[in-house]
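K.L.:
Sequence:
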Amino acid sequence: MAKRINFALKEAMVSLSGACFWYWNSFYSFLDSSGVPKELKNRYPRESFNKYDVMRNVLDHLEDTNQTAVINNIISNFFKLGNAVDRDALDEKKAKQLLSEFKALIGSDPIEDEIENRKRQQSRSNYKSSIDETKSKKKKLEELNSLFISLVTGNEVTPHERGYKLEKLFCDLLLFNELDYSPSYKTLDGEQIDGHFKFEKFDYLVECKWEKGAIKQKDLSIFDGKIKGKAQSTRGVFLAANGFDENAIQKFSGDAPRIILITGDDLAMVLNGQVLFYDAMKAKVEAIVRYGDINFSLRRVTL
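Counting the sequence shown from 1 gives a position; this note's numbering is that position plus 17.
Hints are not guaranteed to be accurate.
[Unchecked claim] Derived Cβ-Cβ restraints for the label pairs, each shown as a range:
1) 155 - 124: 42 to 52 Å
2) 229 - 150: 34 to 44 Å
3) 150 - 50: 38 to 48 Å
[Claimed, not checked] Calculated lysine-lysine pairs in the DSBU-like style (CA-CA distance at most 30 Å, straight line):
4) 157 - 215
5) 97 - 136
6) 182 - 215
7) 97 - 58
8) 245 - 218
9) 268 - 247
10) 215 - 155
These are calculated hints, taken from the structure and not from any lab test.
Owing to the predicted nature of the structure, the values given are computational and were not obtained by experimental measurement.
For every residue, glycine included, the Cβ atom is placed at its ideal position computed from N, Cα and C.
Generate coordinates for the entire structure from the input sequences, incorporating the hints supplied.
P.N.:
This is how it looks when you write it as structure tokens:
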């Protein structure tokens, strides 16, 4: 069933057709800009119909064919008028009065209303998507945290398997944070690199180890050598589940350090949501840049 225009609204638009337009070219341009089909307009030649009749017949046809969008365009175009179009030949006072009554009748521009409605719908859709994405991310982080806890507490995993799973977990954490990450690879010289990612303006090589005790100076020296052979903008992230030997830390701290150390405790704080990975990296980068501290504890971030 065709949706009918409010009678008073239709009559108001019919009246405005004569009050705002004297010249036919102006009136036809108005219809064209409203999207009235040319063949419909041509049904009512000026020789046989006045502007009132043309508008009434056009609106009747648009109603009968459910062309609501075109009707709304006509309403919107009238709403935007502040005076008669052909003011030199018409009664401006009458045109302004009829336009004022018309605007009071409809309240607001239907096209602008539709735009605002679509914005609200999009906003609601974006909000729902954001909630869904947040829930999904929270679930993924919980899964990574559970995996890390199982590696810490489980006895059925060999040290080698723990190291490999730690590397994979860290890889998943970087991907979770949408960082540009490359998994483990070998250089042309045969060096084993556990991974590579970009953070802000720097490239970071990754080393992951799960040893029974703290990482010694020898392991840091080997990793530092891998970094030295790369571009000046290259730094390193060394992840060790059981931390680092104090002598090793002191050896590579101080003047122009290139390595950021991440302990199992640091990783746990990121995985359980106490510190965002981005904030963790920012804090650790600031620590090596400002103070030469390569083993900055993330517990200091939450204090």
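K.L.:
Please go over all the hints and tell whether each is borne out by the structure.
P.N.:
Going through the hints against the structure:
1. 155 - 124: 42 to 52 Å: For residue 155 and residue 124 the Cβ distance comes to about 44 Å; the hint holds.
2. 229 - 150: 34 to 44 Å: holds (39 Å)
3. 150 - 50: 38 to 48 Å: The hint (38 to 48 Å, Cβ to Cβ) holds, given that residue 150 and residue 50 are roughly 42 Å apart.
4. 157 - 215: holds (22 Å)
5. 97 - 136: holds (21 Å)
6. 182 - 215: holds (22 Å)
7. 97 - 58: holds (22 Å)
8. 245 - 218: Satisfied, since the Cα-Cα distance of roughly 17 Å is no more than 30 Å.
9. 268 - 247: Answer holds: residue 268 to residue 247 is near 21 Å, not above 30 Å.
10. 215 - 155: Holds, at roughly 23 Å.
In summary, this structure violates none of the numbered hints.
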